[in-house]
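S.K.: Sequence:
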Amino acid sequence: MWLMWPWMLGWSVLLLAALAALIWAIVRLARGGGEGPGSARRILDERYARGEIDDDEYRKRRETLR
Numbered sequence: 001m002w003l004m005w006p007w008m009l010g011w012s013v014l015l016l017a018a019l020a021a022l023i024w025a026i027v028r029l030a031r032g033g034g035e036g037p038g039s040a041r042r043i044l045d046e047r048y049a050r051g052e053i054d055d056d057e058y059r060k061r062r063e064t065l066r
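Per this note's numbering, residue 1 is the first one in the sequence shown, and the count goes up by one each step.
The hints are simulated quantities; they were obtained by calculation from the structure and are not laboratory data.
Note that this is a predicted model, so its numbers are computed, not measured.
We put the CB at the ideal spot given by N, CA and C, even for glycine.
Check each hint, because a few of them may be wrong.
Pair ranges (Cβ atoms, derived) [stated by the list, open to error]:
| hint | residue 1 | residue 2 | range |
| --- | --- | --- | --- |
| 1 | Asp45 | Leu19 | 36 to 44 Å |
| 2 | Leu15 | Glu52 | 48 to 56 Å |
| 3 | Ala21 | Arg50 | 22 to 30 Å |
| 4 | Arg50 | Ala17 | 29 to 37 Å |
| 5 | Ser12 | Asp45 | 33 to 41 Å |
| 6 | Thr64 | Ser12 | 33 to 41 Å |
| 7 | Leu15 | Ile53 | 53 to 61 Å |
| 8 | Asp55 | Leu14 | 34 to 42 Å |
| 9 | Ala18 | Arg62 | 57 to 65 Å |
| 10 | Ser39 | Lys60 | 36 to 44 Å |
| 11 | Arg28 | Ile53 | 32 to 40 Å |
| 12 | Trp5 | Val27 | 27 to 35 Å |
| 13 | Leu15 | Arg42 | 49 to 57 Å |
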């Protein structure tokens, strides 16, 4: 009986690690995982709002991003 407790402890630790990895993956997928494809458009919109680019350049780059 005493020879089995290290195995039970090892499997318990492995199960907890797998459960933690699963929860981490679900949370990461639910949040979107960082900046997505909208980030380039957001940057373009910010540059246009600050006046760094004019109307023609804004429209041209926006069409390129589509």
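S.K.: Now, for every hint given, state plainly whether the structure supports it.
M.R.: We went through each hint and held it up to the structure:
1. Against the hinted window of 36 to 44 Å, the Cβ-Cβ separation of Asp45 and Leu19 comes to about 41 Å, which satisfies the hint.
2. Checked against the given bound of 48 to 56 Å, the beta carbons of Leu15 and Glu52, roughly 53 Å apart, stay inside it.
3. For the hinted restraint 22 to 30 Å between Ala21 and Arg50, the CB-CB distance of approximately 42 Å leaves it violated.
4. Distance hint for Arg50 and Ala17: a CB-CB separation of about 47 Å, inconsistent with the stated range 29 to 37 Å.
5. Checked against the hint of 33 to 41 Å, the pair Ser12 and Asp45 fails, with Cβ atoms roughly 51 Å apart.
6. Range check, Thr64 to Ser12: Cβ separation about 54 Å, and the 33 to 41 Å hint is violated.
7. For the hinted restraint 53 to 61 Å between Leu15 and Ile53, the CB-CB distance of approximately 54 Å keeps it satisfied.
8. The beta-carbon spacing between Asp55 and Leu14, approximately 59 Å, falls outside the hinted interval of 34 to 42 Å.
9. Distance hint check for Ala18 and Arg62: the Cβ-Cβ separation is about 45 Å, which falls outside the suggested range of 57 to 65 Å.
10. Ser39 and Lys60 have their C-beta atoms about 19 Å apart, which leaves the hinted 36 to 44 Å range violated.
11. Between Arg28 and Ile53 the beta carbon distance is about 34 Å. The supplied range of 32 to 40 Å therefore holds.
12. Evaluation of the 27 to 35 Å hint for Trp5 and Val27 yields a pass: the beta carbon distance comes to about 33 Å.
13. For Leu15 and Arg42, the hinted distance range of 49 to 57 Å is not satisfied, since their beta carbons lie about 41 Å from each other.
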